[in-house]
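Protein chains in written order, with the working numbering: chain A, 19 to 195; chain B, 19 to 195.
Keep in mind that the hints were calculated from the coordinates and are not lab data.
These numbers were taken from a predicted model, which means no experiment stands behind them.
Do not take every clue at face value.
Repeated chains share a single entry, so a pair holds when one copy, or any two copies, can fit it.
Unchecked claim - Pairs of lysine to any residue residues, derived as SDA-like cross-links and limited to a Cα-Cα distance of at most 25 Å, are as follows: (1) 95 to 50; (2) 98 to 152; (3) 133 to 121; (4) 28 to 71; (5) 95 to 119; (6) 95 to 57; (7) 133 to 157.
2 protein chains.
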Amino acid sequence: MTDQSPAARKPIRTAITDEDGIDFAIIELFFFAYRDFTSDPDQILADYGFGRAHHRVLHFVNRRPGLTVAELLDVLKITKQSLARVLKQLIDTDHIVQLQGPRDRRQRELYPTAKGRALALALARPQSRRIRAALEDSGAAERASIERFLEAMVDPELRAQINIVPAQTSGKRNGDH
Amino acid sequence: MTDQSPAARKPIRTAITDEDGIDFAIIELFFFAYRDFTSDPDQILADYGFGRAHHRVLHFVNRRPGLTVAELLDVLKITKQSLARVLKQLIDTDHIVQLQGPRDRRQRELYPTAKGRALALALARPQSRRIRAALEDSGAAERASIERFLEAMVDPELRAQINIVPAQTSGKRNGDH
DNA sequence: GGATTATGTCAGTACTGTTGACGTAATTTC
DNA sequence: GAAATTACGTCAACAGTACTGACATAATCC
């Protein structure tokens with residue numbers, strides 16, 4: 019494994035750049051931004067013995083109360099077996115409850131409890147603080163640009179997932195107020 | 019485990035919203051954007067038997083050729099043991115080579131090979147394409163807003179890591195061209 | 001010459017994800 | 001009403017990526 023064709027192992031000493039029309043600047047910024055964005059809640063989660071997967075489940079159950087297991091799998095893009103462990107823990111610790119679907123009794127609608135709502139808020143708080151700080155000197159136009167950009171980064175066919183915000187309270191992204 | 023204080027298990031039926039001053043809109047957009055942003059290279063990596071960790075190592079070795087193991091650990095924010103396996107695989111497959119540090123012979127400077135450079139480019143290409151599409155109708159001002167935002171999302175004390183782009187070729191983010 | 005530093009490595013563990021298979025209850029279809 | 005499908009749960013095995021703790025080696029610093 020050590021002495022093959024020596025030519026193939028010649029080190030390249032020049033840095034890769036945006037030369038090839040590749041946007042390394044934003045690729046890298048996105049990596050750093052997300053790394054630190056997720057580091058905030060990770061600290062809190064550790065106290066509960068939870069991981070990032072628990073956070074994601076908790077977030078979406080709070081955002082779309084009553085969503086079914088299948089819908090949650092679709093949003094998270096993980097398998098049923100992968101969700102099972104995490105969801106079971108959240109149910110056993112009374113952060114989430116399951117209710118039988120009203121129309122289709124096979125379905126399990128997922129709802130947060132007061133405890134689950136509180137944890138979701140606690141996890142989101144430092145993230146929101148970070149966003150607010152990042153937008154500090156920005157106007158509405160700049161904020162809109164950023165929202166538009168992030169939305170455009172999502173796969174077109176999955177963009178529908180974003181706007182599924184229950185009509186009950188919000189009425190902001192629904193256009194039907 | 020099923021029949022505790024029933025009050026604690028009462029489902030909350032209303033969605034969490036931006037009411038509490040928490041910016042759920044951007045939190046969620048950021049999740050979806052990053053989920054799909056990383057899904058592009060994941061597909062390619064699978065063909066090589068590599069994972070996301072290999073991508074990150076490959077990216078930074080190409081971006082900052084000659085960086086040491088310690089510097090790489092600092093950028094990735096993982097432990098030495100965690101890096102070891104991934105780095106060893108990339109070296110064994112001739113994507114990366116190690117050179118003894120010129121001044122300090124304890125150090126191992128990491129460089130990409132032609133093969134490693136090619137793979138890094140192949141992985142970045144779909145990501146860059148996605149970014150270009152997302153910025154399609156945006157002007158320079160909008161792009162600047164987005165870069166500023168992403169940079170501001172990074173921990174202030176770690177923001178220095180971003181601008182470490184070798185002087186050799188780029189000269190764009192260095193201000194010393 | 002002794003302490004520190006940079007790196008490598010071994011062992012054990014945790015979390016999150018995967019595939020495949022099987023079971024049960026409810027709904028739909030014919 | 002029987003058969004197929006759907007929604008969900010669960011068991012087993014495994015992979016990738018991260019962790020802590022411990023120890024080894026070589027080079028550098030003091």
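### Query
Among the hints numbered above, which are violated by the structure, and what are their numbers in rising order?
2, 3 and 7
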